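Using the sequences plus the hints, can you model the full thing?
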Amino acid sequence: DTAVSQTPKYLVTQMGNDKSIKCEQNLGHDTMYWYKQDSKKFLKIMFSYNNKELIINETVPNRFSPKSPDKAHLNLHINSLELGDSAVYFCASSQYGELFFGEGSRLTVL
Amino acid sequence: AQSVAQPEDQVNVAEGNPLTVKCTYSVSGNPYLFWYVQYPNRGLQFLLKYITGDNLVKGSYGFEAEFNKSQTSFHLKKPSALVSDSALYFCAGPTGGGNKLTFGTGTQLKVEL
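Those sequence lines, one after another, are chains A and B. End of the first sequence = 110 in my numbering, gap-free, step of one. End of the second sequence = 113 in my numbering, gap-free, step of one.
Since the hints were made in silico from the structure, they are not lab data. Model, not experiment: these values are computed from the prediction. One should not assume that every hint holds.
[As the list claims (entries may be wrong)] Pairs of lysine to aspartate or glutamate, EDC-like flavour, derived with a Cα cap of 20 Å:
no.	chain 1	residue 1	chain 2	residue 2
1	B	K49	A	E98
2	B	K22	B	D9
3	B	K100	A	E58
4	B	K100	A	E53
5	A	K71	A	D85
6	B	K100	A	D30
[Claimed, not checked] Computed footprint of chain A on chain B; a stretch qualifies when at least three of its residues, placed anywhere within it, have a C-beta under 8 Å from a C-beta of chain A:
no.	region
7	37-46
8	101-107
The beta carbon of each residue, even a glycine, is placed where N, CA and C say it ideally should be.
So, in C-alpha cells, the structure goes:
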C-alpha cells in the first residue's frame, strides 16, 4: 500500500493548456503539501493544507490552484501552462513535522 | 526564522570510507532539523531528525547526524559508505509557522568502488 500516491507520474502538455495532478494519502495525517523541484533539484514549498484548510500559500502564480476535498486528498490544478512550469511536483503529508513524500509527478510543458 | 544551508553540491567518497554531508542552520529559538534522501526518479525519504536531547541522532540505513550548537551544524555521517548510498541528500528545517519545512539545496553523494 503506497502511503502517498500521486497521479499522473508523467505529464507532457503544450503551453497554454490546463492540467491537474492528484494526490492521496492513507496515513491519516492532517497536513498535506505541494512542493516543486526544479531542474537543479531545488525544492520549494508551494502550498500546505491542514485538515482541508489552506495554511501556507507561498509566492506562487495564481494560475496554480490547490484543492483539498478532504484531509486525505490534495489536488493541484494549473491553468495556462508555461514553459517555466516544467518541473517535478511532489505531494507530501506530515504529522509531527516529519514529511512523507509521494513519488513525484514530472510535468513537461512544450 | 530558520534556514539551512548545504555548502557542498557534491561529495565523492570511496566505498568503505566514512562519509560526511554538511549542513549548517540559522535559527531563532530551538531548532529542529531533518535529513532526507532522494534516489533517482523517486520521492524524498526521511532519514533522521533532531528535536531535543542527545546531540547524536541515529537514523535509517546506518546514517547518523550530529547536532552541534556552537558550530550551528547538523552534519550527516556514516562510518562506512556503500555504493548504494549514492543519492541526493537534503537537510531541512522549519521556517516560520504553519508546519513549513524548508530544504537545503541538496548534496549529491557519489560512492565509488
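> Going straight from one Cα to the other, do K22(B) and D9(B) come out at no more than 20 Å?
Replying inline: Satisfied, since the Cα-Cα distance of roughly 10 Å is no more than 20 Å.
> Holds or violated: the region 37-46 of chain B covered by chain A, criterion of 3 or more residues with Cβ-Cβ distance under 8 Å?
Replying inline: With 7 residues in contact (Cβ-Cβ under 8 Å with chain A), the coverage given for the region 37-46 of chain B holds.
>> Can you confirm whether chain A covers the region 101-107 of chain B, using C-beta to C-beta distances below 8 Å and requiring at least three such residues?
In response: n = 5 at 8 Å, threshold three: holds.
> Within 20 Å, alpha carbon to alpha carbon, are K100(B) and E53(A)?
Replying inline: Roughly 14 Å between the alpha carbons, so the hint for K100(B) and E53(A) holds.
>> Hinted pair, alpha-carbon criterion (20 Å max): K100(B), E58(A). Please report holds or violated.
In response: Roughly 10 Å between the alpha carbons, so the hint for K100(B) and E58(A) holds.
>> For K100(B) and D30(A), compute the direct alpha-carbon distance and say whether it is at most 20 Å.
In response: holds, 14 Å
> Is the Cα-Cα distance between K49(B) and E98(A) 20 Å or less?
Replying inline: Between K49(B) and E98(A) the Cα gap is close to 8 Å, so the pair holds against 20 Å.
> Is K71(A) close enough to D85(A), meaning Cα to Cα at most 20 Å?
Replying inline: Violated, at roughly 26 Å.
Consistency with the previously given hints fails for number 5 only.
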